[in-house]
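*Asks:* So the chains spell out like this:
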Amino acid sequence: MSGARAAVVAVASIVGALVTGPALAADPPPKPPDKKDAPKADAGKKDTDRKDGEEKKDDAKEEKEVAFALSGYVNLGVGFTSVPRAVPRDQLTYGLRSSVAGLIVKGTPLAGFSYVVHFGINPEALDVVSDVDVVDKKGDQTDIDATTRTKEVTLVNVEEVSIAYAITSFWSLKGGHFYMPFSPGASVLVTRQMFPKRPQPTQVFMAGADQGISTDLRFVDDRIIVSAGAFNGSSLELKLPDTTALGPVYSGLVDVQPFGAMPETEGDPKRGPFRFALGMGGMFRQGKLFESTGYEATRFREVRLDAAARVAFRGLFLQAEYLRRLQTDDLSFRPAAANGAYVQGSFFFPIPTTRLAIAPLARYGVATEDEQFAARRSIEIEAGLAFFPRADIDDPNRLRIIVQYEGEQRLPEREMAHGGVAHVQMRW
Amino acid sequence: MKPHGARARRAILPLALLAVAAVVAPAGCAQVPEPGTFGPLRLAGRVAGDAPLNLLPPVADRGGNVYVLYGGIDLPQTIVFAGKNGGGWASGCSLTKGDSFGVHGWIGYTEDSQWYWSGDALVQVSGASGDCHRVLDTDPGTDANLLFRAVLPWVRDAPSRVTTVALVQSPVDLLPFTARVDLEDEILTNIRAFDPPDAANVKVVGVGADRETNEGVVLLQYTRGSEIRSEARFYDADASLVAKAAVPLPEQTTEFGVLGFLQFSAGGLVAGLLRSGEVVSFDKAGGKVRPIDKITPAGVHRWEGKLFVVGTADARPALAELDDGGRFGPVQLWTSSFRASENLRRPLEVRDDRALPSTTTTFATPRSAMGAFPFLHPHALTRHATGTSLWLVAGPSFDTGGSKVTAFAMAPVGVSYP
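Listed in order, the protein sequences are those of chains A and B.
Once you know that position 201 of the first sequence is 201 in my numbering, the rest is easy, because the numbers rise by one and skip nothing.
Once you know that position 203 of the second sequence is 203 in my numbering, the rest is easy, because the numbers rise by one and skip nothing.
EDC-like cross-link-like pairs, simulated, lysine to aspartate or glutamate; straight-line CA separation at most 20 Å:
(1) B:306 to B:321
(2) A:288 to A:330
(3) A:288 to B:352
(4) B:306 to A:371
(5) A:197 to A:408
(6) A:151 to A:133
In short, the hints are calculated from the structure, not lab data.
Next comes chain B alone, as it looks inside the complex (with noise of 0.2 Å):
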């Protein structure tokens, strides 16, 4: 028979290592900055003109390099700042196609690299580089002009491949047509005609992509005969048309009427809001355009998984919830962007690592780089960790010959909706 004290030995050891995973676990857990709290400020650059700035909301790739685009769909110039995971920043990438459209948005990234949409061309940007180029810029075959007149918004990063769906169309084709871009091997393929063939006028309206369903969608409108047809088409990862649907738009008289990109809700809803200031929504059954007047709209927002319109209401950042038949919630004081405003009320320490090694300066009067207040934007706001958004915060500016120049920093932070 073995003693008593060797049994309680035996006991408590599986005991002692379940009290040391209860004090060792939570070491493992990260925490989430409070909403509105800036974290450390980057100094990214300078770009023309006063706050606010013509600058779409940062975006990260998967290794942690940051991306900035100047721009706007309004405006033809273009200008790329990459900031490296570990300290660096290129900028100086320029790349658009035409002078019709500019910055569209950026489309998705895979680990070091990420891809934006402007005027007619789709460029790719490393991360590690800053170096940049046009995705297929001519065709491969005809040597031809290639002008990407629609990409949705979401690089599928595959073991097997890294794809993208966009409808593409050279000056000599009557319609575009969709296609798979691979972007590794920069070929395109499961090239499709448009249908029906004998449309004509095709608009494009806005795009939009959801990465967890593979989903993506091109709003469009064209003339058949005398009819107006306004349709959201719904493709695959492979360029497969999946779903049609009727939505009833006014009839556009530009392209790109929707501000930013289409956005989808978890429940399969798809929203934007128009440059009307109504909003669009719809999913593969059909859809309908709405006013809204309780919030002066800058645009629809996706986060973790629910749509937002957001704007102002009182002189106030406000934002309102739409459910999944696209009815709008009430609408509330936005109160991450309100307490990240309220947090750019004092001098902050900004880090300037654009020449290595980095140093330290001051933004005196710090305010928001775009929108009236912090995170409103026609561009959603992307995850960059749980609970945490990338923002720029604008500093000094400064006369330059007659125009004005302006230095802007990029900071992680705090959000939430509402």
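So that you can see chain A by itself, here it is in the shape it has in the complex (with noise of 0.2 Å):
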């Protein structure tokens, strides 16, 4: 590795562990070093003259020496929102939508061993309350209050800071922040996303990334793939706020692709042949609550589950999913409880004659909340077409624009938002 790449390395992990945050994709664990898509700095240089055999030779001699791989992508968008029962200052707004640009630096420094540092800067800054001012109103004590002054901060959310060594070609072991392995929906990398955003109803399930190590075993050509784990569970949302939860969870994963793998984005750009996957996710979560003054408030268990199934079929990718959670305590007796689920589509079709193509795109989630105390339903919908300028490619995804509906409604409130977007990717 060569002196400055190094520093670049040593520099994007030291930003990754100080800047902490809700995250925004996850990237796949990386595969044994003798896996065709590992790193590849330098991929475009091979010489297509050569036999196969003599270019995976070269392929393997490169991975094992490959130290760093730099890639990203830049998402913009902007859109409008529309709430016509917000006060009138919120009844349309427009601006920034579903915008990150992010960094991904991986390597295999050492055979076996391999490493990923990725991490998104959001351009919409977010108002932090940065200073409060205690208000006597009335200048008599019986009419107190506070005014508070905000800041604008960007934040730089970290995705994965991991270290992975592959013990077989099929068993791998990683550890560091990353996505618990549970829904493919709600980890799925940013890039490879249908639409700019995850499914709403995932989101409820699961934040972002952890930390903790799991361990991948993949099966059969990769149609089987079983990941468990062990994490600390700071991105689960727990219902008790104002309290310290102390609990390892428990993930895992099983993901069955009988008639082989399916595509890696969610899509279908390269028009397979007909595959299908389906997937179970849970997780367990055991542990204590402490009050403020730390010590013990009560305890608790958590589960989540998921079921997972996909569709791919000559540029047809149907993806549908249900998610669960229950949360029980000693103290409240009332269960947290929230299930979710979605179905999206699209359907990539290149334009004849030309290096174009389009998909149209839809999804429909539901998630509903607090089901036990008083449910709160959120319904999405969304709609859009795709525009893919280089569908000639090996993966059109690089570069695509999308234009979109999104909306939402809320019950039993009635509140409806609807909102356009125009979202362009373009990955490096």
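Reconstruct the complex from the two isolated chains, following the hints.
*Replies:* Rendered as structure tokens:
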């Protein structure tokens, strides 16, 4: 590794370690070094005249030597949102939507050992409270209020900082800060999503990356993938604020793709043969909840379940998921239960005699929270059209333009929000 | 041709997934407590008097903080006890306004707040800190004293704004105004004058609301010339009048003749218990006042979309269901109330987390803190979880210089109707 490259990796790792916040996407676990899609820093320089056997040998040699590969993406969206029943200021808003610029550094500096550092910068600044003043409105201590000052802060979200070790060609270990194996829709890489945003129902169940270790087993040409891990649960929203929850999260995902590996993106731009996948994920957590004084308040248990199905066939891609959460504790006697489901689909259609392609997209999702106490339901409807200006390249998602409608309804308050977004994704 | 073994393995895998799903899925189901069974008790505080105490059934916010209100419509004193979801209690909030009436009841909640209506004040209580403050104590424009004559017991907690609907009046106004109250920015919008403008002696008899239908109702009586009119006025979340129905109420000598709040059934019937012991029921087309004689009524409750008159019959807790025409069903023993009463006949361990870290104490002779039996109260029980509500249990009483104070604890409890 050259000194300059090592410095960049070190800086990226430090930035990733220092900055925490809600994550945007996960990277799939690194594959063993003999897999064909391991990092290829200079893949474009391959001599295509050589025979396949020679090429593979050279690839393996290159992969062993690749210590640093830099990639990234820029996702930019502009749009508007209309909420007719909001206060006048918020009835029509416009600006950036689902915009993020990401950098991914990965490599295999030693045979079997690999690393990933992935972080995203959100250009939409967030208002955070920087100062609070207590105000005595009437000067007689009878009407006390507080005023706050806010400051705009740009977020750098850490998606993944991990190190993996390939024990064998089908078995690997991974540790660090990354997405738990649980839901395909909640953890897919941001550039591989069908829509600019993840399905809203999945956000209720998985907020981002977590800290822990996991192991992956891949059998029968990656047709069966079994992942399991233990995490600290920092990404799980516990429904008891002002408390500290301690207890490991055990997470697992089984994904079966009997007719061959599914596309890595939420779409089928290669218009492959019929394939489908069935997946099931689960999380279990049992821990203690501590009061603000640091003493034990109660014990809690939490189960989250996921069932997913995906189908790809000649450009058609369908994906559906059902998720459920149940958290109980010994103090409140109120189970925090939620469930959600969504279905989304696209059809990749190359325009003949051009290098363009289009794909109509649609998604419908429902999430119900607090169903034991006072159920609150959110319905998500999205529909749009994706344009691929370079459908002739290996991965048309490297340049993609989406124009879409996004709507949300909240029940029982009967509040509707409508919006339109134009979104461009560029990967490099 | 592929070997049979490989095909079999492929066929088995989806079946194995389904089998795993069948085994794991029940783990996502919550257990419902047996009706009448108490969950863990938390010591909330002490209040004046001996059981039955002037307390309202506890409520919770979306975040799981719990709230207890001491007071009553004829008691000008108000005290709030707020229990944090992770332990710890705060008390001391005693805001009200005026001395003609005391606590009307809890209005509604958001993630970490509750609002109550006491006297002429609408008060917000923070579950996180226990702090409270009057909402719109004065008119922001004129600084005139603002009186909440009626507040519909429903907080619409939408992503865009948090609101309720109220009838407000300042001392210089002859008639109240209806308004949408923005509970975040604390402003009044959609203000409309009372109609007819020549009405006089407007008396609020009762209020009710239904979160599911996003509607509330004010039952009121006023005079117009020599004519006495009684009306139920239905409002939507924007404080727009959506319906008006004549209700043949007897002449009201004082305000707030309905005990607790009016309750909505899933079928659209609204009912409440009058101080006279009669039940008033109506919908958007009109209503009736009916006497009830087979039960000594304590209130009208709503549970799972159905309405019940609850009370005592033959010295036991009883209830009678109201159909959508407002007619009473047969009087039945309220078994979950009776079982809860039986479950209080033994010492109960109580967690005292008023000061952290929490400790444990025992109520040697526990009894229901309100009502002749558990769950008997003019105010309806609120849903804490599926088949579960909250109730208060009284503990030991103490003499403090001639007056008595009684400790009480809050507990989740299994409930069913009947």
